[in-house]
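Line by line, the protein sequences give chains A and B.
Here the first sequence stands for residues 1 to 398, where the numbers follow full-length UniProt numbering.
Here the second sequence stands for residues 1 to 224, where the numbers follow full-length UniProt numbering.
These aren't lab readings, by the way, just hints derived from the structure by calculation.
Ideal placement from N, C-alpha and C gives every residue a C-beta, glycine not left out.
Treat the hints with care, since some could be wrong.
Quick partial rundown of chain A residues pointing at chain B, CB under 10 Å, derived from the structure [to be verified]: (1) Leu51; (2) Ala152; (3) Asp156; (4) Pro343; (5) Ile344; (6) Val346.
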Amino acid sequence: MIEFQQVNKKYDDGFQALTDINLTIKKGELTAFIGPSGCGKSTTMKHINRLISPTSGRIFIDGKDISEYHPVELRRNIGYVIQNVGLFPHMTIAKNIAIVPQMKNWDKAKIDARVTELLKLVNLDPDTYRDRYPSELSGGQQQRVGVARALAADPDIILMDEPFSALDPITREQLQEELVRLQEDVHKTIVFVTHDMDEAIKIADTIVLMKDGQIVQSGSPEAILRRPANDFVRSFIGQKRIHTNDKDTNAIENEDDSLSMTTVDEVMVTQPATTSPNRGLAEAIKIMEARKVDSLFVVDKNRTLLGIVSIYRVLNSYGDESLTVKDVMKPIGYQVEPGTPLPIAVEQMTNHRLTNLAVVDDNGRLVGLITRGSIVKHLNEVYPAMIERFAWSLGEEA
Amino acid sequence: MDSYQWSLADLFSYMSRNSDLLWEHFLSHLYMVVSGVGLAIVLGIPLGVLCTRHEKLAKVILGITSILQVIPSLALLVLLMLVLGLGSKTVIVGLLFYSLNPIVRNTYIGLKQVDASYIEAGRGIGMSPFQLLVKVRFPLSLPYIISGLRIAAVIAIGVVTIAPLVGGEGLGREIYAGINNQNPLRIYAGAIPAALIAIVADLVLGYFQRKLNFADRKSSPSTS
């Protein structure tokens, strides 16, 4: 168990990096520190192995104040993985992994056996890789070795500082899964710094969200997703807020009006299926088929909206090869301007039994399309926030 | 005295007739270079390390070594002679002063250019500052240090030819004897081996400089 008590860090230049950090990291759990860059998540983690010392406050590992340990001794008992891997380029993979056991004076046979065991654990063939140099490995393989090195002397605690963020998405996902599986075997206390919420949700038992050197919220991923503490957390977990206004202050002031303030711009599909007026009818059918729609908006090269053509009209006139879409299109009956509140658009669609509604700007250009699908999608995105707001306002009144 | 016509064959015959003496000059030439540069390594590398620890001190140390290097070689040797007297000892100290600048400077730059992520990884896994220096920073700065050594060696081999002026030995003896006797054979017999030492030293150290570049080390040894 790692415990932070009232930890503050202020740099010589006056920058307050951490403010009143109180935190308990449970034994055998993977705790993810997350937040935007500069929020102090790495700084907090580096306090654990004394790479950084607090200005005030104390940190305990299993009840013992870490300032009582010699920093070098402390670090040898805490695994450490960094973003840039930091494998030493002049040492073979085996030697890189063996560094900490060597510093701890293990005998050679024990070290060799441990290196083999660890390479297998991180899914690298020991015979192939032990005598290679880091530059001969891919980024993902290097970071596997980085993890193996951190595990080498079997420490109880492992610190990982954005270990997968420099990897390509596929490799990253693979390593995240491997880490989860590995953790099921080894049950270490892992502190994992990341700026990727998806990553944190995937691997962490506990998430600690930080901002401006303070802990904003901590808890299980489920708890944070269900009950985000504030707008910052909400935006961080990717939940769309129901306000139209992105400026926080306005949004909070207008909170009561926020639902009615949602505009068509947030909901519309920005790339509706279109065709130019001079296309033949067969071509129009082909486009509909490709985009899986039953009607196309006819726009000229400036994207000025000229009309709409449905599959029925095209098929009715299909026999005449000389016709183009402009001959069969129908003028647009209803349209809205960008910035129109969503309820007004919905009302129009309901009143006139429209399946979709074009959003057209002052110059007559088509900028987007409201469809039933896009409204459902939007509701789905804001729903969790609405539920939470709803529950909150109920609580307020009760 | 008129200069006479001579051929390459004359040079070879002169050199073979005097091979014992020339060999002795050659060895003492090498001895002075190796001692001077060797002392510069022993003194310069720790100074380079010290520079990385204290930036203010670095300015002072690098300033002094630069000044030492710009003093004309003859002047430096004569000044040293006033203190240390005639002989090879004076030459060796002179070479030490000359070689110090490239070695200290390149050690300092080499240690500073080591990627911060290696340093962080080293500290993070519990290396002491000394282990970090010996196991990580030093090996990763070797190409720079050897490059400094290469510059120092080539300069030293050149400077050491004026050793006879302050009572030193070496191939310079043969060159000055040739000048005094107006005997081009003796000048060449001294100058050609001296030049060869410089070229060989440059090639050998250049080879090591490339060879010891660990930053992208491969398991299959490559010769390039």
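Against the structure, the hints:
Taken as an interface hint, A:Leu51 checks out: its beta carbon lies about 6 Å from the nearest beta carbon of chain B, inside 10 Å. Because the beta carbon of A:Ala152 sits about 9 Å from the nearest beta carbon in chain B, less than 10 Å, this interface hint is met. Checking A:Asp156 against chain B: minimum C-beta separation of about 14 Å lies over 10 Å; hint violated. Contact between A:Pro343 and chain B, as hinted, is not supported at the beta carbon level, the nearest pair being about 54 Å apart and thus beyond 10 Å.
Taken as an interface hint, A:Ile344 does not check out: its beta carbon lies about 55 Å from the nearest beta carbon of chain B, beyond 10 Å. About 54 Å separates the beta-carbon of A:Val346 from the nearest beta-carbon of chain B, more than 10 Å, and the hint is not met.
The structure does not agree with the numbered hints 3, 4, 5, 6 stated previously, though it agrees with the rest.
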